[in-house]
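Each chain, written out:
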Amino acid sequence: MDTRALNNEKVIVVDKLTKRFGDFVATDAISFDVYKGEIFGFLGANGAGKTTAMKMLCGLLTPSSGTAVVAGFDIHKQAQELKWNIGYMGQKFSLYDDLTIIENIRYYAGIYNLSNQQISDKSEGLITRLGLQKEAKKLVGQLPTGWKQKVAFSVALLHEPRIVFLDEPTGGVDPITRRQFWDMIYESAEKGTTIFITTHYMDEAEYCDRVSIMVDGKIEALDKPAELRRLYEAESMDEVFYQLARRAKRSE
Amino acid sequence: MEISVSVNQLLKSYTKGEKTAVNHVSFEVKKGELFGLIGPDGAGKTSIFRMLTTLILPDGGNASVNGLDIVKDYGKIRMSIGYMPGKFSLYPDLTVEENLGFFATLFNTRVNENYHLIKDIYEQLAPFKNRRAGKLSGGMKQKLALCCALIHNPPVIFLDEPTTGVDPVSRREFWEMLKRLKDQGITIVVSTPYMDEATLCDRIALIQEGQILSINTPKNMVSHYPDQLFAIKADNMYHLLKIMKTYKNVLNIYAFGEYAHASFREDMDTNELYRYLEEKGFRDILIIPAKPTIEDCFIKLLNN
Amino acid sequence: MRQFITFVKKEFAHILRDKKTLLILFGMPISQILIFGFALTNEVKNVKIAIVDRARDEQSRRLISKIDASKYFEVKKILGNAVQVDNELKKGTIKMAVIFPANFSSDLAHYNTSQVQIVLDGSDPNTANTIKNYITAIVTDHQRQQQSNVPALYQIIPEVRMLYNPQLLDAPNFVPGVMALVLMLVCVMMTAVSIVKEKEMGNMEILLVSPIKPGMVILTKTFPYLVLSLVNLTIILLLSIFVLKLPVNGSLVLLFAESILFIITCLTLGIFISVKTSSQEVAMLISLMGMLIPTILFSGFMFPIENMPYPLQMISNIIPSKWYYIIVKSIMIKGLGFSAIWKETLVLATITSVLLAVSLKSFKIRLE
Numbered sequence: 112m113d114t115r116a117l118n119n120e121k122v123i124v125v126d127k128l129t130k131r132f133g134d135f136v137a138t139d140a141i142s143f144d145v146y147k148g149e150i151f152g153f154l155g156a157n158g159a160g161k162t163t164a165m166k167m168l169c170g171l172l173t174p175s176s177g178t179a180v181v182a183g184f185d186i187h188k189q190a191q192e193l194k195w196n197i198g199y200m201g202q203k204f205s206l207y208d209d210l211t212i213i214e215n216i217r218y219y220a221g222i223y224n225l226s227n228q229q230i231s232d233k234s235e236g237l238i239t240r241l242g243l244q245k246e247a248k249k250l251v252g253q254l255p256t257g258w259k260q261k262v263a264f265s266v267a268l269l270h271e272p273r274i275v276f277l278d279e280p281t282g283g284v285d286p287i288t289r290r291q292f293w294d295m296i297y298e299s300a301e302k303g304t305t306i307f308i309t310t311h312y313m314d315e316a317e318y319c320d321r322v323s324i325m326v327d328g329k330i331e332a333l334d335k336p337a338e339l340r341r342l343y344e345a346e347s348m349d350e351v352f353y354q355l356a357r358r359a360k361r362s363e
Numbered sequence: 010m011e012i013s014v015s016v017n018q019l020l021k022s023y024t025k026g027e028k029t030a031v032n033h034v035s036f037e038v039k040k041g042e043l044f045g046l047i048g049p050d051g052a053g054k055t056s057i058f059r060m061l062t063t064l065i066l067p068d069g070g071n072a073s074v075n076g077l078d079i080v081k082d083y084g085k086i087r088m089s090i091g092y093m094p095g096k097f098s099l100y101p102d103l104t105v106e107e108n109l110g111f112f113a114t115l116f117n118t119r120v121n122e123n124y125h126l127i128k129d130i131y132e133q134l135a136p137f138k139n140r141r142a143g144k145l146s147g148g149m150k151q152k153l154a155l156c157c158a159l160i161h162n163p164p165v166i167f168l169d170e171p172t173t174g175v176d177p178v179s180r181r182e183f184w185e186m187l188k189r190l191k192d193q194g195i196t197i198v199v200s201t202p203y204m205d206e207a208t209l210c211d212r213i214a215l216i217q218e219g220q221i222l223s224i225n226t227p228k229n230m231v232s233h234y235p236d237q238l239f240a241i242k243a244d245n246m247y248h249l250l251k252i253m254k255t256y257k258n259v260l261n262i263y264a265f266g267e268y269a270h271a272s273f274r275e276d277m278d279t280n281e282l283y284r285y286l287e288e289k290g291f292r293d294i295l296i297i298p299a300k301p302t303i304e305d306c307f308i309k310l311l312n313n
Numbered sequence: 008m009r010q011f012i013t014f015v016k017k018e019f020a021h022i023l024r025d026k027k028t029l030l031i032l033f034g035m036p037i038s039q040i041l042i043f044g045f046a047l048t049n050e051v052k053n054v055k056i057a058i059v060d061r062a063r064d065e066q067s068r069r070l071i072s073k074i075d076a077s078k079y080f081e082v083k084k085i086l087g088n089a090v091q092v093d094n095e096l097k098k099g100t101i102k103m104a105v106i107f108p109a110n111f112s113s114d115l116a117h118y119n120t121s122q123v124q125i126v127l128d129g130s131d132p133n134t135a136n137t138i139k140n141y142i143t144a145i146v147t148d149h150q151r152q153q154q155s156n157v158p159a160l161y162q163i164i165p166e167v168r169m170l171y172n173p174q175l176l177d178a179p180n181f182v183p184g185v186m187a188l189v190l191m192l193v194c195v196m197m198t199a200v201s202i203v204k205e206k207e208m209g210n211m212e213i214l215l216v217s218p219i220k221p222g223m224v225i226l227t228k229t230f231p232y233l234v235l236s237l238v239n240l241t242i243i244l245l246l247s248i249f250v251l252k253l254p255v256n257g258s259l260v261l262l263f264a265e266s267i268l269f270i271i272t273c274l275t276l277g278i279f280i281s282v283k284t285s286s287q288e289v290a291m292l293i294s295l296m297g298m299l300i301p302t303i304l305f306s307g308f309m310f311p312i313e314n315m316p317y318p319l320q321m322i323s324n325i326i327p328s329k330w331y332y333i334i335v336k337s338i339m340i341k342g343l344g345f346s347a348i349w350k351e352t353l354v355l356a357t358i359t360s361v362l363l364a365v366s367l368k369s370f371k372i373r374l375e
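Residue numbers (our numbering), protein chains in the order written: chain A, 112 to 363; chain B, 10 to 313; chain C, 8 to 375.
Note that these hints are calculated values from the structure, not bench results.
Some hints could be false.
[As the list claims (entries may be wrong)] Short, incomplete list of chain C residues facing chain B, as computed with Cβ under 7 Å:
#, residue
1, 21
2, 213
3, 216
4, 217
5, 221
6, 291
7, 368
8, 369
9, 375
[Claimed, not checked] Derived lysine-lysine pairs resembling DSSO-like cross-links, with alpha carbons at most 27 Å apart:
#, chain 1, residue 1, chain 2, residue 2
10, C, 26, C, 55
11, B, 28, A, 245
12, B, 81, B, 28
13, B, 96, C, 84
From the three backbone atoms N, C-alpha and C, an ideal C-beta is built for every residue, glycine too.
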């Protein structure tokens, strides 16, 4: 199988992680591990509790109970240290539309305390790699969605985090750019960065090393896509997802 | 067959003509048809919808809805169409019931007058009818918005990306509802960035950067796919994609679910490719002829 | 009509379900009236003063006791010399010192004139000025009493009488001001924000695509604020009558009628702002900067317009709240009827019709 999956170093260890909002249990005692350099697909219907779980893993929300260790840091006690070692990219709002590409890069590099030398090296490298030399001084708002997302992903990797969290990064992106985006994901996973990704495109679930599917706050399935397909006697991940998510009782 | 929506050389540009959002777009939608505009964000779908719903004026070309001109007869068009904008457009601080009632009044009708149209959909929402719309899940919100767009029994409805950001299960349910509406004779123009939804339309237009790349029925579109398409699988997909780029006669290679799709101009010797990949050190190799999908067609068109 | 009712119902639901807006809406007039009424008054009471009495005779003592007896002053210290006065003023223990020279009475007796030195803390000019006026009045009064014993041949006694506000209270000035301010805030800002919100949320798209007429949208978006403004107005008037003991001298009907005219002016302004902006923040900022500040500056309720340079006086003429302020003062305090304020009413009505025409014309039937 994949060379990346052979790595046994755990970078995310989640144990009975729970988040309650009043009576409502958004995330219900979920447990799983993610390995170094793995592409981990985190799927679930709207309202299944994905976002809440992801926020806890990024140190943005305090869990009601349970523990998680992300990049070697306890999310309860070391949320601040944790943040230096992870990258995050949201669906749409990761970059400032009214700043140029280069200004966005400098801004994020500045947040992570990179030296001036590092900043100029990195931004140059990033722009060359993406072939954006001509656009570097254009406002991000003028870029097509696909390009924005590519830049946003590269920016999330600037400080060389051990784990990158991607929240629906490819929504509304054209099929070719979407695949270029996945090329970038593979490339960084190859270098040992762990990718934690949510998506509504079920073909993208196939690109993940392992996939978890959340239903009503619990992880109902977690395995390699091929295994899941075999287990649920499904032809595609779409079908697997449908079989599981259809059972959902709650809707947010 | 009667024509419901007719678009002729429609043109729209923003920021003083610098950016062309819609570039000479023409298409026709027949009465009772489920017509899909398929394309990524920024392709110009929303601009087309806004011109057809008389919200913005075209810079060139013309179009008609139900035989009414989108510029001159905007008042009459507004009375006879249903529209669901891309942004969630209900009042989040009103309840499900209040929203529906409000939109019914807006169109000078009452909820029970056309209840048969929305019955199927509204029954799913009924348990939450006293909940504020802002507290509904993504799928539920879309269902309510659809009810509100249908409440005055319009002959044509325009749905701008109704399934964006909605999970696959809710998406499937939503398309089933559209099918039932189509069976009741309502013309539906819908846009979506999800290629897999294209097959659920009667006819589709693939659109990118303001231009229509192709218009056809989904069936015809895939049967006209010009190249030989293969699905290939091996133990290391990432390397497979890299290696295949340099293989002879390959037009294109890209990930496609659990497989990689490779297109070739002419017949390809499967055994030869198998041996080649083995030599390169791949294991668990699988090469099978693949049926093209809309997404394959789109990629093909984008590459031209 | 059914459309109108449904729309207005929906609008009220928006307002009533937004607790923060509600708080602003009703908390503001109440707190403003109370703040202006009790805390921010220009009236000065019980000012602490010091006396340096070098004369130490009957004349000086008589004047001192008169000063001390007034409710405006409280003699805190009797000091020995002028140097101490300086220290006390610096420490802030007193605001004023009255210094009687040693020959106070003898000068008065021999030359029929004498001097009293008044030293004031001028760091707060407004208060200092008020204190100065009070003490001058007391001294003049004292002088007159003295003179009445010895009738002088030539004597002009100015008899000042403050009409309409005999006690020189501030409430009559600020109640009309607060009314203008609150109506401005509720009508301009709330209306602008509520319309822009529909734009921002994407609801405006649906409204435009529906057969509803733009005029109906405007009418139904503004009507609830008209009602709320009248409620607010009533609260202000009740507070001013029962808490601040300031009665309405003129006709209440006329007052409400003129207020409705002003409310319409404000609503029109709100619509105009909403047409020209596309985000709630911008609408809010323009309402605050463009409407509230001119109201405070140019209506005459905080800063007298007569003291302004001519160009600013001209600008004040196009500020609707200035005219409303004059009208309300005329009705509430002077108790005048319509015949006295028809000119101001006409100006206000003209401004309103121009604004209304402009905003109706610029209200778009499309998105761009």
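Check each numbered hint against the structure and report the violated ones by number, ascending. 5, 6, 7, 8, 10 and 13
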